[in-house]
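S.K.: Residues per chain, in single letters:
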Amino acid sequence: MIEIRRIFTHVESIAHEFGPPADQPLLRGAIGIVMTNPYAGRYEPDILPMMDALGAVGVDMAERLRVAMDVPAERIQGYGKGAIVGANGELEHGALWHVPGGYAMRELLGWKGDRNTYAKGNVAQTPAPSSQTANALSIVPSTKKVGAPGTGLDVPMTHINASYVRSHFDAIEVRVPGAPLADEIVFILAMSMGARVHARVGGLVATAISKWDGLR
Amino acid sequence: MKAQIRKIIVQVDEVHIEMGKPISPPTRRALAMAVIHNPLAGSFTENLDELIAIGEELGGLLGDKCVQALGIAPGDAQSYGKAAIVGEAGEIEHAAAILHPKLGAPLRVAVEKGAALVPSSKKRGTLGTAIDVPLGHKDAAFVRSHFDAMEARVSDAPRANEIVVAVVVTDSGRPLARVGGLQAHEAKGLDGLR
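For the record, the sequence lines run as chains U and Z. Take the first sequence: its position 48, counting from 1, is numbered 73 in my numbering, and each next residue is one higher. Take the second sequence: its position 24, counting from 1, is numbered 225 in my numbering, and each next residue is one higher.
Hints listed in this document are in silico derivations from the structure and should not be mistaken for laboratory results. Predicted model, so just to flag it, every value in this text is computed and none were measured. Think of the CB as a built atom: it goes at the ideal place given N, C-alpha and C, for glycine as much as any other residue. It cannot be assumed that every hint is accurate.
[Said to hold, decoys possible] Some, not all, of what chain Z presents toward chain U, calculated at C-beta under 10 Å:
| hint | residue |
| --- | --- |
| 1 | Ser356 |
| 2 | Asp357 |
| 3 | Arg360 |
[Said to hold, decoys possible] Examples of chain U residues toward chain Z, derived with CB under 10 Å:
| hint | residue |
| --- | --- |
| 4 | Val36 |
| 5 | Glu42 |
| 6 | Val96 |
| 7 | Pro152 |
| 8 | Arg200 |
Build the full structure now, drawing on both the sequences and the hints.
M.R.: Below, the structure written as structure tokens:
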């Protein structure tokens, strides 16, 4: 079921955006895996087997991206994910990425939950801890589309521990030249090492995260 | 540092399966791009030495980035290419000044040897303009399996007074190359052609 055709990594270092150069350039990265879409060309009612099969792919992709960025996992501050489905597939095939993509990256960055519980969607409401006990508490923001080869996807990114951290609302355009073909899907993960390079629109700052509920 | 660099981007594209056939080892191409300020944007300047010096600096910087991204020894590089996209306030000759006089020598150090001409392309463009960087075998330009291209594009560059400079280095030819011609193992690599 898993047939990986191409692996595309993108790492960028942003020194400035016409303002004062950052002390440390902002490092952002994305990885796109081009895979055969096993459901291309037909309506398949049960696509969940693919979600299970993608679990190991997500773990491998997250680590490949971290290696390409050449940074320790503890220094990743923002993340996002996405999918571009080729013309013979449907948007729902891209939605298969939510669980395996998101939890793979969160586990790499220090999340302590049980992804199988979350995958089933029956998560018991537990009160948030009063201090930080883990990392990658936020939902991984995502987007997806059906597109032709070379279609670009603007992958949203947010802070890994609190979605409302305003300085870390960001997006990275990911585009794999020549993919996806009609029977392919590009699955994407993105990570960032910091805030937007000249972030200055106020709001919650990363040092003021206090709820540890993944939001604030 | 002569170049005022706003952004550096490194991409690696690995092909594991092409047309259903496994590619082992996968073909791998690395692209490194620098988005730089064009110091000569906005008016005609006869002397282009400033850009020539920037080209020399970027040849080494971007060549090293590619080799590092591939994780190979410099001597294991097989093909290369270069390109530039000049923003609207610049001149096509600005791309020529960066690419042609001095970029090649430090790039050849980065990939060890490099007897062959470095294939190139250039254009004027705007934010998100794509350029296809032509590729050729680094020691023997006639090696047919290594004629290739890699698309380079920066979503937010070049601004009018910027230039995107791109270098590509590979450790392989095309996947499933089968149109004959001079083979890499037959090349002598002395005259840069065969």
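S.K.: Run every hint past the structure and note whether it holds.
M.R.: Do the hints match the structure? See the list:
1. At about 4 Å, the closest approach between the beta carbon of Ser356/Z and any beta carbon in chain U falls short of 10 Å, and the interface hint on this residue holds.
2. Interface hint at Asp357/Z: satisfied, since its Cβ lies 8 Å from the closest Cβ of chain U, which is below the 10 Å cut-off.
3. With 10 Å as the threshold, the beta carbon of Arg360/Z comes within range of chain U, its nearest partner Cβ sitting at about 8 Å, so the hint holds.
4. The closest approach between the C-beta of Val36/U and any C-beta of chain Z is roughly 5 Å, which is under the 10 Å cut-off, so the hint is satisfied.
5. Satisfaction of the interface hint for Glu42/U is found here, the shortest Cβ-Cβ separation to chain Z being roughly 7 Å, below the 10 Å cut-off.
6. About 14 Å separates the beta-carbon of Val96/U from the nearest beta-carbon of chain Z, more than 10 Å, and the hint is not met.
7. Because the closest C-beta pair between Pro152/U and chain Z is about 42 Å apart, greater than 10 Å, the hint is violated.
8. For Arg200/U, the interface hint holds, since its Cβ comes within 10 Å of a Cβ in chain Z; the closest pair sits about 7 Å apart.
Taken one by one, the earlier hints fail for this structure at numbers 6 and 7, listed in ascending order.
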